[in-house]
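Sequences listed follow chains C and F, in order.
Heads up: the first sequence begins at 1 in my numbering, then just goes up one per residue.
Heads up: the second sequence begins at 1001 in my numbering, then just goes up one per residue.
Any given hint could turn out to be false.
Unchecked claim - Dumping the calculated PhoX-like pairs for lysine-lysine here, alpha-carbon to alpha-carbon at most 20 Å:
{"hint": "1", "chain 1": "C", "residue 1": "8", "chain 2": "F", "residue 2": "1286"}
{"hint": "2", "chain 1": "C", "residue 1": "39", "chain 2": "F", "residue 2": "1349"}
{"hint": "3", "chain 1": "C", "residue 1": "305", "chain 2": "F", "residue 2": "1146"}
{"hint": "4", "chain 1": "C", "residue 1": "473", "chain 2": "F", "residue 2": "1281"}
{"hint": "5", "chain 1": "F", "residue 1": "1357", "chain 2": "F", "residue 2": "1164"}
{"hint": "6", "chain 1": "C", "residue 1": "491", "chain 2": "F", "residue 2": "1265"}
{"hint": "7", "chain 1": "C", "residue 1": "162", "chain 2": "F", "residue 2": "1155"}
{"hint": "8", "chain 1": "C", "residue 1": "473", "chain 2": "F", "residue 2": "1164"}
{"hint": "9", "chain 1": "F", "residue 1": "1384", "chain 2": "F", "residue 2": "1040"}
{"hint": "10", "chain 1": "F", "residue 1": "1388", "chain 2": "F", "residue 2": "1038"}
{"hint": "11", "chain 1": "C", "residue 1": "469", "chain 2": "F", "residue 2": "1281"}
{"hint": "12", "chain 1": "C", "residue 1": "162", "chain 2": "F", "residue 2": "1146"}
{"hint": "13", "chain 1": "F", "residue 1": "1388", "chain 2": "F", "residue 2": "1040"}
These are computed hints drawn from the structure, not numbers from a lab.
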Amino acid sequence: MLKFPGIKGLFFDEELLISKGVMGISIPCSGLNSSDLKKSGRAYIDKKFVRKKAPRLPEVSEPTVIRHFTRLSSWNMSVDSVFYPLGSCTMKYNPKINECIASLGNMKNLHPLTPDFLVQPALKIIHDFNLILCELTGLAEFGFAPQAGAAGEFSGLKIIRKYFDSNGESRKIILIPDSSHGTNPASSVLAGFTPVEIKTGKDGTLNVEDVKKYISKDVAGIMITNPNTFGIFEKDIKKISGIMHENGSLVYMDGANFNAFIGNVRISDMGIDMVQFNLHKTFSAPHGGGGPGSGAIGVADFLKKYLPVPYVSFSNARYKISEDKERTIGRIAPFLCNFAIIVRAYAYLLSLGRDNISSVSEIAILNANYIKKKLGKILKDSDPFEKGLCMHECVFNDAALEKSDISTVEFAKLLIDYGFHPPTIYFPKNIHGAIMIEPTETESVKTLDGFIKAVGAIKFKIKKLKAIKSPQKTKVGRVNEVLANKHPIFK
Amino acid sequence: MGDIPLIDESLLETLSSCMDEKTLYRFFSDIDSNLPDKNKFSIFAGGGIYNHFIPSAVDSLISRSEFYTPYTPYQPEVSQGTLFALFEFQSMIAEISGMDVVNASMYDGAESLAEAVLMSIRLCKGNNNLILISEGVNPRFVSVVKTFIGDTDIKIENVVLDDKTGRTNIEDLKFKLKSKGKNGATVVVQQPNYFGVIEDLEELEPVIHGFNPRPFLIVSSTEPYSFGVISPPGFYNADIFAGEGNSFGNYMNFGGPLLGLFGAKKEYVRQMPGRIVGKTKDSRNKDAYSFILSTREQHIRRGAATSNICTNSSLNAVRAAIYLSLCSKEGFSEISLLNLKLSHILKEKLLKTKLFKLLYSGDFFNEFSLRILNSSVNVAKFIKEMAKREILAGIEISESDILISVTENNSLSDIDGYIKNAKAVLT
């Protein structure tokens, strides 16, 4: 089937690994004598348990594995190779020193059930990182059990539930703006709530009067993303928090977009009771091709007792892994936290320090507005919020594209051939053919100009480009997702 | 930002002023050097996470930033590397677990199990209100399941273990299914179980599936490396497999991030949580890969999705794919067998000291439970004293009982060191 690996440029083809007869691992020498080495499984356990047919794994040498995965890696666009303005994902540069630190030998080989007295320095990292997050937010304590943003949301919602249970109330409704991330309603349902959508106002923010219409004694809380997914600051957040609190409801903030605030404003000043942070977004831990991340959940003082266990406590000059939260929602993960991600996030904050931390959000906002203004001139009548400024990201609709009879997805695929990762598309769902761009603070003006120019070039040549099935320059052409779903092949 | 005040820098007391790269590295390497030395400390603790050997080639490949700096492959044309590697991961885990369909990863084994339980409830279309969990399931996993199910009217009940063998007690299981499972039920067992004992799925499965309405069988595992030696859940007609895959090429990292494995029978695929990679064609009719069946997921289905999971453990899954490729068919079986042998050697030697007795008679893979016979030394003290001698002796399961794990990373001389020090501590 495979003739020669060379296809074009520096792309090389690869087949699934299925050769025979070799292996690529040097098995540790155990010191077993030859008679023990010869024994089969049946010498130790009942033969009824013994696997008769070994799993069919590849049979390949180390150099073959290295070449295979090296070639595979070259088929990915990544933050390190291209501008990757995926909206709401905060694809900032991942500092290499953090990777170096996270791979320090003793830390990464630490068993989570090692006695506390041997792991004091590791517990101190978690404890100190917690203090810094509290200072940056004005909240009282963070829990690190949630493994990613959605798990943080789930934990937060469980806390809301437990809070009302403890007060002898059973409130069922969580208010969620229609522009929210899909995880918000999904997490609400998982935590046993009924999500109710609130319509966003014309200016892209929640209208206080609209919110009031949804208020009832059955409303447990509101889940509000700030800045919201249009990249706009919820200007009435304080008033909305006030309305919720008056009703006895809690205010949860989806902190996926915290990159717009970090170092500049404390979310407690907005009346927020709880927030989850995606440490793989704002706090520079890499996205890993889809994970792993960490979804720290932060709460105000009156909610501390509900946080998940276990957690790190500190008393009498000793750090301890504790389980004694008075009204904990319980365990979210098997062990303490995604430690290796927390180490990276902590290193990130230390490298910036109190003197530089605020410039993260300042430059992120500046970059997003630069794109908003310049692209707004190219994609005419496509900025639904043209008048105001945006925060860390901006959103366009497909008005200008439609005029040229081209869809958002076609536009996204065209961008690829110009050497850019497409923005988030068709989200938020209430913007027609949405294009959501988040440049982050780690991109230079030159890169932003290049991207803007590419959009200009596409627009200029659109008639010619329309005839081509994009992308052309990638390892594979347009992937047939309909076929993939019609006849699914899983393995 | 309207009326929200800007942060006063003086409020940031804990955060120091910026560190240069050299200082930052020094700061963390000082921390690292005050932790147990990986070259001296021998680890005999498992309990859900195991100390396996990781070849340098895994670290070398995974440090390619083309793998670790992108995000979820929403645009398949520019993400074929990750998608291809995840497809290989799914294929290899399907082969090892014996399941039809495996997804592209969950957070960890515990969350994976909780999602498996939720999936079984969905498959019963609201009739199922009984979850029977064997006492052989990792208690940390059970706690996570309880957090997930906690607020519903679904009942969770334990199935006890046989006092002698340490396997799930089949009579207790039958009794509970018969008396409480009339509206459907889900049975959860762990293979090998928390105490290290290999469950007799050959005996359990027909009993479980023989009931009407047919209960769901979920098999969990924290040590899928065992499936190199023992028959995997798929061979026993398990409906869902939900396990921890950290043993495949991932570091322990003080407990995370981990790698949730999730597999199921093909007919249940539309109720599965998480992302699934499928093989398809591109516009030039060449093989290509993309996510499939996304209509199950939160970014499309929102509140009606099968799960709220978005970010998963993709990079750890790619690590596992690289690791398992390196192991190859022969190496995987050989390492698995080596775990079996070394753990049995340590068990024999410990029993010979007459300081311990075996807690359960059932066969085990690389982990077993012992009782300390010297009643003046409790397990916590034993572990502490052994730790001072640079040995992580195991995990406390009760005041007198300890759970001990042995992997290919423990050589015969490590085992002899354990014996020598255990004698010193206990006599």
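Status of each hint after checking the structure:
{"no.": "1", "hint": "C:8 / F:1286", "in the structure": "holds, 15 Å"}
{"no.": "2", "hint": "C:39 / F:1349", "in the structure": "holds, 18 Å"}
{"no.": "3", "hint": "C:305 / F:1146", "in the structure": "holds, 18 Å"}
{"no.": "4", "hint": "C:473 / F:1281", "in the structure": "holds, 17 Å"}
{"no.": "5", "hint": "F:1357 / F:1164", "in the structure": "holds, 13 Å"}
{"no.": "6", "hint": "C:491 / F:1265", "in the structure": "holds, 13 Å"}
{"no.": "7", "hint": "C:162 / F:1155", "in the structure": "holds, 19 Å"}
{"no.": "8", "hint": "C:473 / F:1164", "in the structure": "violated, 65 Å"}
{"no.": "9", "hint": "F:1384 / F:1040", "in the structure": "holds, 16 Å"}
{"no.": "10", "hint": "F:1388 / F:1038", "in the structure": "holds, 14 Å"}
{"no.": "11", "hint": "C:469 / F:1281", "in the structure": "holds, 14 Å"}
{"no.": "12", "hint": "C:162 / F:1146", "in the structure": "holds, 14 Å"}
{"no.": "13", "hint": "F:1388 / F:1040", "in the structure": "holds, 12 Å"}
Violation of the numbered hints given earlier is confined to hint 8; every other hint is satisfied by the structure.
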